[in-house]
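Colleague: Residues per chain, in single letters:
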Amino acid sequence: MFRDESVLGRMTIGLARGLAVLGGVALMVIVAMVVASVVGRALIWLGLRPITGDYELVSVGMGFAVFAFMPWVHLERGHALVSLVTDSFGVRANGWLLVVSDLLMLALSSFLAWRLYYGMMDKFAYRETTLLLRFPLGWAYALGLVGAVALVLVAAYVFGRSISFAIAGEAEPKRAGAEI
Amino acid sequence: MSDLTLGLVGIPLVLVLIFLRIPIGVAMFGVGIAGTWLVTGSFNPVMGQFKNLTYSTFASYSLSVVPLFLLMGQFATLGGLSAGLFNAAAAWLGHKKGGVAMAAIGASAGFGAICGSSLATAATMGQVALPELKKYGYSGALATGTVAAGGTLGILIPPSIILVIFAVLTEQNIAKLFMGAFVPGILAAIGYVIVIAIYVRVRPDAGGVRERMPYGQRFRELAKTWPVLAIFTVVIGGIYAGIFTPTEAAAIGAAGTFIIALSARSLDRKAIIQACLATATSTGMIFLIVLGAAALNSFLALSQVPQVMAAWVGDQGFNPWLVMILVLIFYLVMGCVMDSLSMILLTVPIIYPMMMVLDFGLTPDEFGIWFGIIVLIVVEVGLITPPVGMNLFIIHSMSPGTRLSETYRGVLPFVASDIVRTAILVAFPPITLWLVWMLY
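Protein chains in written order, with the working numbering: chain Y, 6 to 185; chain C, 790 to 1229.
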């Protein structure tokens, strides 16, 4: 069940991948908006003007995008780690270490989503908004919560996947990872 | 246990977890919230803190420059700018001894001016330069060593993702840091070219030459690289002149490279999705570490460790230069096993205040720029040193005929040049700072 070829696996991959692409699209929209705003500011003498609240829009869009990227990074094993010591441990030990680290990630992501939810409720309750556009911060948090909840789902799947590999005594297939 | 003891236990604990292959961001986060819990004696502060901390970190305007620079680098890669840069550099240098390899360095430096990431630079230059180097008979060791080392120029020459993070972390001016990195970046490229010149003289069989090109064609090839120059000028010039914020500059740069990729007809749906996913993995990786560092730092601040350590170092009357050398050796060794960004986020909150109390004859502002750039260079050496040099791995995977041990051997002279350059920059702070002084 917890294999990438299974129905559950393909659904999880689709969810993470779809959200990551949506986050990327959000970045591109931010790019277009910022360029338009800078051009407007530069051409004030022509009667154009910058977009009102452009900083706020960047922030809200970025909040959505970064949360939306998180499930994909975890699924693809993109997080930075040091495998120098553990490389000498053998497949079985490494498999169970991965189970532990995936459990920690599940705990962390649940904690983050849970706290973010309460943060969102606070923002709605106090009717907090952004400064210029009066955009309700509760909705900005809600956009972030989409990615945060997806991360919990993906982390649960990844945890199951690493248990299934650890029990079978196999190594997980290598993934590309990330680095800057 | 006193708060201070907790803080002092916390740091080694993070390292133990990291060496047990716990993702670095998770390890910092876990120790951070557990530590805050113990210091304050209640879990409520952490619960309250994370109602907002995650969102405010991920949606931070000052950090939004990071994903935008990453996206810019992705489009630059798709736009085929690396091939144009390499052709131009090879037109000018290809007929010299070791000239094709020197061209790869020159092109990497050029690509570094529009890409803030090391691995992306190494990967895209590898695709372009490795086949050419092979064609002109360059040994596998020199070819892979050159491209791997050239990749580090991607992060040193501005824009640079890691300098952005360093600037946010130490509350410094991004523009000044970028200006400060410029001269050391050029020096790095020159140092690598000298390495190649010596290499092919010691081992004349290591590389051949291309035929000399007439000047007309050289200038035509150079003229074709104008988009790179244009984007670099707008992005870095605009930040420097204060015309726009770093985030706006990054967005404009991303739009510029997007247009170039579009006109190169390399932007189909599949390519855009790939660019999104690659941006997603790097962004997600960075922001998890940043979040972990935020959790860890609020614990360390509560435990007073940075203040106490800084006061202690100040009281001992150590020789500042000796401390600097020890710190750099520490970074060099740790950089060999850990990625640069994690290193910086993990250590700078403690080491930076400690170094600030030492007197190097610089103002705090100048010290911040100088120290940040030298640390960046030293941790980047880790990208091209065994055992976990990511640049070496990616170049090795693109060059099937070359053994990893040959790559290790080929990159060593470049590492030596990095160390010599670091020594020079440490000994003479004005080299790093003169451009900043000139411009501000």
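Keep in mind that the hints were calculated from the coordinates and are not lab data. It should be emphasised that the depicted structure is a prediction, and the values quoted were computed from it without experimental measurement. Take these hints with a grain of salt, some might be off.
Said to hold, decoys possible - Only part of the chain Y face toward chain C is listed, based on derived beta-carbon distances under 10 Å:
| hint | residue |
| --- | --- |
| 1 | Phe-7 |
| 2 | Met-33 |
| 3 | Leu-48 |
| 4 | Trp-50 |
| 5 | Gly-52 |
| 6 | Thr-57 |
| 7 | Asp-59 |
| 8 | Phe-69 |
| 9 | Pro-76 |
| 10 | Leu-109 |
| 11 | Phe-129 |
| 12 | Thr-134 |
| 13 | Leu-137 |
| 14 | Pro-141 |
| 15 | Val-151 |
| 16 | Val-154 |
Claimed, not checked - Computed footprint of chain C on chain Y; a stretch qualifies when at least three of its residues, placed anywhere within it, have a C-beta under 8 Å from a C-beta of chain C:
| hint | region |
| --- | --- |
| 17 | 115-128 |
| 18 | 159-171 |
Yeah, the Cβ is synthetic: ideal placement off N, Cα and C, and Gly gets one too.
Colleague: All hints, please: hold or fail.
Modeller: Status of each hint after checking the structure:
Checking Y:Phe-7 against chain C by beta carbon gives a least distance of about 20 Å; that is not within 10 Å, so the hint is violated. Hint status for Y:Met-33: holds, given a least beta-carbon distance of 8 Å to chain C, under 10 Å. Hint status for Y:Leu-48 relative to chain C: violated, with the closest Cβ pair at about 13 Å, above 10 Å. Hint status for Y:Trp-50 relative to chain C: violated, with the closest Cβ pair at about 15 Å, above 10 Å.
About 20 Å separates the beta-carbon of Y:Gly-52 from the nearest beta-carbon of chain C, more than 10 Å, and the hint is not met. Against a cut-off of 10 Å between C-beta atoms, the interface hint on Y:Thr-57 is violated, since the closest Cβ of chain C lies about 15 Å away. A cut of 10 Å between beta carbons decides the hint on Y:Asp-59: the least distance to chain C is about 9 Å, and the hint holds. Because the closest C-beta pair between Y:Phe-69 and chain C is about 8 Å apart, less than 10 Å, the hint holds.
For Y:Pro-76, the suggested interface contact is upheld, since its CB lies about 9 Å from the closest CB of chain C, less than 10 Å. With a least beta-carbon distance of about 5 Å to chain C, the hint placing Y:Leu-109 at the interface is held under the 10 Å criterion. Because the beta carbon of Y:Phe-129 sits about 12 Å from the nearest beta carbon in chain C, more than 10 Å, this interface hint is broken. Because the smallest distance between the Cβ of Y:Thr-134 and any Cβ of chain C comes to about 14 Å, over 10 Å, the interface hint for this residue is violated.
The interface hint given for Y:Leu-137 is broken, as the beta carbon of that residue sits about 13 Å from the closest beta carbon of chain C, more than 10 Å. Hint on Y:Pro-141 is violated. Least Cβ distance to chain C is approximately 14 Å, over the 10 Å limit. Because the beta carbon of Y:Val-151 sits about 12 Å from the nearest beta carbon in chain C, more than 10 Å, this interface hint is broken. Interface hint at Y:Val-154: violated, since its Cβ lies 13 Å from the closest Cβ of chain C, which is beyond the 10 Å cut-off.
For the region 115-128 of chain Y, the proposed coverage by chain C is satisfied: 7 residues have a C-beta within less than 8 Å of a C-beta in that chain, meeting the threshold of three. Only when three residues or more bring their CB closer than 8 Å to a CB of chain C does the claim for the region 159-171 of chain Y stand; here the count is 0, and the claim is violated.
Checked against the numbered hints given earlier, this structure breaks hints 1, 3, 4, 5, 6, 11, 12, 13, 14, 15, 16, 18; the rest are met.
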